[in-house]
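K.L.:
To convert a position in the sequence shown, counted from 1, into the working numbering, add 1.
Some hints could be false.
[Stated by the list, open to error] Below, simulated BS3-like cross-link-like pairs (lysine-lysine); rule was C-alpha separation at most 25 Å, straight line:
(1) Lys134 - Lys67
(2) Lys134 - Lys432
(3) Lys301 - Lys232
Worth flagging that the hints you see were computed from the coordinates, not collected in a lab.
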Amino acid sequence: MKEMIVRSLGKSLVLATGLMLSASPLVVAEVAAQEVFGEVDKTAEVNVSFEAAEDGAPIVAGEQVKVSGRGFRPSQTVTLNYGATALTQQALTANAEGEISGNFTLPANAAVGTHPIVVMTGAPYHATIAELKVSPNIPLLNQNAFEIETATPVRGLYQTAYSAKNNVLFAASAIGRPPVKQSEIVKIDADTMEVLARATPAAAPQRQGRDGTMQDGGVFAVYAVDVDDSKDTLWTTNTRQNTVAVYRQSDLALVKQFDEGTVNHARDVRVDEALGKAYVSATFTPEVVVFDTATNTEAKRITIPSGKRREEFGVASLSLDEAAHKLYVAGLGTSEVAVIDTNTDEVLNVFPVPGARDTIGISHDPQTGRIFVASQGSDNLVVLDGNSGTVIADTPVGAGALNVVFDPATRHAYVANRGANTITVTDADGKIVANLGDGREQNISGRRAEVGRPSFLAAIL
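Please work from the sequences and hints to get the whole structure.
P.N.:
Structure, rendered in structure tokens:
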């Protein structure tokens, strides 16, 4: 029996299939002898990056890797080493613009993780480290246990929120870079996926262009949403203008547009209806901004201290447990998570997330208090004990693990892997039970994962 339906708002992406190159062993590059302690390049500002041979695909074991670099001197030789092993057959030579390019094939048994690659130049000598991330290649699994339905209510979807009172989904959309001129809030029937209403945000103030002239400011584009059924309102974040706005659920009329600069790079919003508070994450800062939902005014700012010396906790996603009066916060800057008491708005705990890099998505199990953390820099899901911070599981899930949501009804966590174009399903202990997608040619590309309503998942494409 199929236990649930996975709904996806948007359409699956068709990825171009690039040329698959045969694997070959790593070889020693032919490098000219260099004078020991010779001339040193004191002004070098080089940059080397790696990408998969197939455009947009993650780097995985056994596949070819493209190398590109800039900032070298014309005709300068460059070698790439993993320890004492050269990665290319010959040293790369910079062109007239100081750029290099090349490729090599990863071993089939290359370990998942971020590997330091030593970049060395010929005279004048310079050496630096470039990072190469090898992502897990998780095969599709147990797809027949789920039914996947798609709908395309609007382009450029980001987050969704479900109103239990009205049985509708609200979706936020935004397209393009600043000044964003195309953005909508869409109201959707949760059963039929029919669009019931849509609204365009208000015009944003003019902005100063690079040439110093004043330019069109676009609109107050919406990115995150959450509902307040007790007041028939909808809270949204306007990330580009560093602020938030409140709309009416019934007709999507604007109730209040807060001023630009109210919340730095406002990302997530979570509404605690019982306490009359809306919590908004000020991304890249250690602050969560609290709003009074009765008066629609800013109430306070919570500053989260990092447990790491001389580092700053940079907030990202939020997960709210109204019954337990706890707010869980992902720390993007330090790979930590924080737990806040929503009664007092005091920070209860700050836990490190061992094995995680760039923690960005967070959810929790209200039954056990476990914390689920998705990390895009390490491609994994880490499950923590909510009381002690002890690691319960560290599960590789797929490239670019961007967000996670735990569904208490099915006892499953769902991780949206943006780079792998999959949604990985785990049990409450972090064990993979399914990996959803249609392969390389037509995959689910989850930018966000939200529970639309009990036992329903909305994956934003």
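K.L.:
Could you run down the list of hints and mark each one as holding or not?
P.N.:
We went through each hint and held it up to the structure:
1. Lys134 - Lys67: 13 Å, holds
2. Lys134 - Lys432: 23 Å, holds
3. Lys301 - Lys232: 21 Å, holds
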